[in-house]
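Visitor: Chain by chain, the residues:
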Amino acid sequence: MFYRESGDFSTTYPEDSQTFPIRFDRYRYYVVLAVAFLVIPFIINDYWANAVFVPFLIYAIAAIGLNILTGYCGQVSLGTGAFMAVGAYSCYKLMTAFPEISIVIHVILSGGITAAVVTLFGLPSLRIKGFYLAVATLAAQFFLVWLFNKVGWFYNYSASGQISAPERSVFGIIVTGPNTEAWAKYLICLVFVTLCAIIARNLTRGSMGRRWMAIRDMDIAAEIIGVNPMGAKLTAFMVSGFFVGIAGALFFSVYLGAAEVGESFGIDKSFLVLFMIIIGGLGSIFGSFAGAAFMVLLPVFLKNVFVGGLGWPTDLAAHLQFIVSGGLIIMFLIMEPHGLAQLWRLAKEKLRLWPFPH
Amino acid sequence: MSGGNYKTEDGRQIGGTLMEMKNITLRFGGVVAISDISFDIHEGEIRAIIGPNGAGKSSMLNVISGFYHPQDGEVWFRGERRPTMKPYQVAKQGIARTFQNIALFNGMSVLDNVMTGRLTHMESGLFSQAIWRGKAEREEVENREAVEKIIDFLEIQAIRKTPVGRLPYGLKKRVELARALAAEPKLLLLDEPMAGMNVEEKEDMSRFILDVNDEFGTTIALIEHDMGVVMDLSDRVVVMDYGKKIGDGTPDEVRNNQEVIDAYLGVSHD
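Residue numbers (this note's numbering), protein chains in the order written: chain A, 1 to 358; chain B, 1 to 270.
Check the hints yourself; a few may be wrong.
[Stated by the list, open to error] Here are the simulated DSBU-like cross-link-like pairs (lysine-lysine), alpha carbons at most 35 Å apart as the crow flies: (1) K135/B / K202/B; (2) K7/B / K129/A; (3) K161/B / K348/A; (4) K92/B / K129/A; (5) K348/A / K135/B; (6) K348/A / K92/B.
In short, the hints are calculated from the structure, not lab data. Note that the coordinates shown come from a computational prediction; the quantities given were computed from them, not determined experimentally.
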């Protein structure tokens, strides 16, 4: 009833192919943006920023990146954690080598470097598919983590083997280092997320997105209508790498502050981001956000319920949390294999007719 | 008549040779799928390839569209010998096709599927697309206009935004034709466009094929098992059997060819 498209007519093709063709959707999007930019920064505190918003935003970027590769182009990757590490270490090297240049440029450059590395590791995709490709990217995961541990140059030969972000500011506001305010962390991540999401959406709704999806759905037919499979797959790896690199750079510099590669960017990160896009919905930008929110919020929520609400011991709660979230993920995949984005689409279809479905 | 450049009975102008296959031989290991076949396709005509199952018709289509590379023989297209090409390069040359088993992109809407047919016409860069300004935006609108014409032509306006997975078989075939047409091909290859259709759907499809040929002047090469349809639609027919060409000519000539009759009806070996 309140969600409907009647009376909403597109009279030009740009109007019809915009991101939110339905007026209601469009307004809701503006409202969300306004709240995110104008309300939350004023009420956010350290706990909410560090436990919820900043990891959610950064994982959303990584999920968008992986979703472009896996959800849109159909190439499975288990190397996301290591690719985030490439972004993080590039950012660290750039920050320490060129301290006078803005961190924003460093983050974007880290995305570029990661894009190049990921494209390189995407080369096997030209010959192998599916599980075999997944295993090939798994090799990237272990190789890169080993490399960052082994070669001292990457962590500037620091005694602990860790990298730690020096203090940097944007327009005079400190965004990295221990003295960062919660709202500054939140806001810089939000700006990057918004831009990344818009870019990803533009790429996926245009001819590049169609190339990727054609390869995903049926590579033989895609080739016959003129899609160069090599070009399409490698651009998917490249764009995906760009986003994942940005996510890695922000994860290290803004969120963690200090990182050790095996611990922060191990195989579990790869799986975490993969779960996000599977639960959120493959081939959907909204799904990337939904999946990131689900995977970040669920543990926080469960911890609050078990420890805060029921007063159970922390260790018991921590173990229960694994059981419950694992169970929920399995339940979810059985009930709705296409993820939260599909649930959202179904809800919208129901709402179009509600409350008079006949 | 083999040189082309004549008018058909219904007044369509047939041009010179568009594509010529010269002595094509294709082997899979020891199996000879096509042996030493030559035929040509004139500009603007509807050319049928028929033959019993396993005759090598689909293999021939796959040779034309670049999936298979023949061991012997030459493919000439628009007066030039075609080097060994990948299928996507063949598509850029202006050859589009449909498949025997529907090969649509199931995760995409009808509109997006047909838009993929335009990909050979879209070449804006990654950056322009990322910011959705300039060439990318312009290109999207221009190609959408071209696609909408095809959608109108094939009468699939109502299902524009439907995911193709939800469509019935007959409509899927039509969407696949739309996708091939969207490329504005010089040569359109149809691999059994009417397989598994009922009479009504066959009539619709036949009408669309004739209209495409008539209105866009597209040259069409088709494989079909329904003899009634083949004889009614096509200007010239190639008949294949066991990888060899056993007949070539107008439907009437082919119909009275003793070898063709033998291949289809069987002949006693005594």
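Visitor: Hints first: check each against the structure and report whether it holds.
Guide: How the hints compare with the structure:
Of the supplied pair hints, the one linking K135/B and K202/B is violated, its CA atoms being roughly 41 Å apart against a limit of 35 Å. Note on K7/B and K129/A: the hinted pairing is violated, with a Cα-Cα distance of about 51 Å set against a maximum of 35 Å. Annotation: proposed proximity of K161/B to K348/A holds, straight-line Cα distance about 15 Å (limit 35 Å). Using a Cα cut-off of 35 Å, the hinted pair K92/B and K129/A holds, with the two alpha carbons roughly 25 Å apart.
Distance check on the hinted pair: K348/A and K135/B sit about 33 Å apart at the alpha-carbon level, within 35 Å; holds. Between K348/A and K92/B the CA atoms are separated by roughly 40 Å; this puts the pair beyond 35 Å, and the hint is violated.
The structure is inconsistent with the numbered hints 1, 2 and 6, although it conforms to all the rest.
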